[in-house]
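Based on the provided sequences and hints, a complete structural model is requested.
So the protein lines, in turn, are chains Z and G. Following this note's numbering, the numbering of the first sequence begins with 1 at its first residue and continues without gaps. Following this note's numbering, the numbering of the second sequence begins with 1 at its first residue and continues without gaps.
Errors might be hidden in some of the hints.
[Claimed, not checked] List time: in silico DSSO-like cross-link candidates among lysine-lysine, alpha-carbon distance up to 30 Å:
| no. | chain 1 | residue 1 | chain 2 | residue 2 |
| --- | --- | --- | --- | --- |
| 1 | Z | K35 | G | K41 |
| 2 | G | K160 | Z | K35 |
| 3 | G | K115 | G | K105 |
| 4 | G | K42 | Z | K35 |
| 5 | G | K157 | Z | K35 |
| 6 | G | K160 | G | K105 |
| 7 | G | K41 | G | K160 |
Keep in mind the hints are simulated off the structure, nothing from the lab. Predicted model, so just to flag it, every value in this text is computed and none were measured.
As a plain string of letters, each chain reads:
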Amino acid sequence: MRRSRGFSMAEVLVALAILAIVITTTIAMFAERTKRMREASETILAWQALSNEAELWRRVPFAQIDVASSQTFQSDLTVLTPLAPYTTVVKVDAPRADIRNVTLTIRWAAGREAHLAVARANTGGGNLW
Amino acid sequence: MVSRRRARGYSLMEIVVVMALFGVFLFILVTLTAEMRRNEKKWPVNFFARPEVGSILARMRHDILDATSFPNNIDTYTQSPTSLIVYTIAPDRSSAETVVWDLSKPGEVHRKVYKANLPPTEWVARQAPIFICTVEPMVVLGQPTDEQEVHIQAVDKEGKVAIDQVFVPRPHA
Chain Z
1 MRRSRGFSMA EVLVALAILA IVITTTIAMF AERTKRMREA SETILAWQAL
51 SNEAELWRRV PFAQIDVASS QTFQSDLTVL TPLAPYTTVV KVDAPRADIR
101 NVTLTIRWAA GREAHLAVAR ANTGGGNLW
Chain G
1 MVSRRRARGY SLMEIVVVMA LFGVFLFILV TLTAEMRRNE KKWPVNFFAR
51 PEVGSILARM RHDILDATSF PNNIDTYTQS PTSLIVYTIA PDRSSAETVV
101 WDLSKPGEVH RKVYKANLPP TEWVARQAPI FICTVEPMVV LGQPTDEQEV
151 HIQAVDKEGK VAIDQVFVPR PHA
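Right under this line is the structure:
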């Protein structure tokens, strides 16, 4: 008898609430997964560029690693195209006269950034590692 | 038994509410799909998610870091963007071997090792992207150097650069 009269308001509201929770949770999970995948892709691209740049800075003659001047990335940055607009920074610190810490930084959208540091020592001419 | 209400159909209010709910879900679905498609178009394929690609790059990196030269040819291979020839220190650290990275077959990467007069050994990785390797002089602060670098690239089907790595042989005494 009850079924033939349809559902009560309370039954419909509970069913709608459950449906809303399930759908909201699914959408939130989906959105979070998409965001994480995008962040992983960004990080992978940034680290490839950092790694390539570090190979160059390992080989810059020690005398030319200048603390004062502002340096920029020298390597091919095609791989960073999806991250545009992005900025690259090379920062050089000299904790001792015979040591240079070169910190490479890439900053891109949404305040994200990746760093890689190369420590160089004055070996007296040879680029020994 | 059918109730009188059902027999008369739905009220305008009921239909409007159902249509509104349907519209909201449809809007969310379309927005998410559009976001996914935008991402797909903007980002290259993440080849690093495949274990084979990590394995290829790790072995290639090892060969190149220990390389002492890049011969022009060996066996039927010639140094080219689809076949990288590396003369490198063998894993036993007391001898050398010539390694050929054959990248010419789509989806496959072959690593052939030639050592003295022994028959070549081969390692194959499948489900690989199309790699291109170029050996070129390294440029530091705008000046070409005596060192050579190996530039490894892989693009996805859309032509977007997904892998771009530079490996440079370590200095050897």
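Results for each hint:
1. A C-alpha spacing of about 15 Å is found between K35 (chain Z) and K41 (chain G), which places the hinted pair at or below 30 Å, so the restraint holds.
2. Our distance criterion of 30 Å between C-alpha atoms is met by K160 (chain G) and K35 (chain Z), whose separation comes to about 20 Å.
3. For the given pair, K115 (chain G) sits about 23 Å from K105 (chain G) by alpha-carbon distance, which is consistent with the 30 Å threshold.
4. At roughly 14 Å between alpha-carbon atoms, K42 (chain G) and K35 (chain Z) fall within 30 Å of each other, so this suggested pair holds.
5. Of the pairs offered as hints, the one joining K157 (chain G) and K35 (chain Z) holds, with about 23 Å between alpha carbons and a cut-off of 30 Å not exceeded.
6. Between K160 (chain G) and K105 (chain G) the CA atoms are separated by roughly 20 Å; this keeps the pair inside 30 Å, and the hint holds.
7. This hinted pair checks out: K41 (chain G) and K160 (chain G) have alpha carbons roughly 9 Å apart, not beyond 30 Å.
Of the hints listed earlier, there is not a single one the structure fails to meet.
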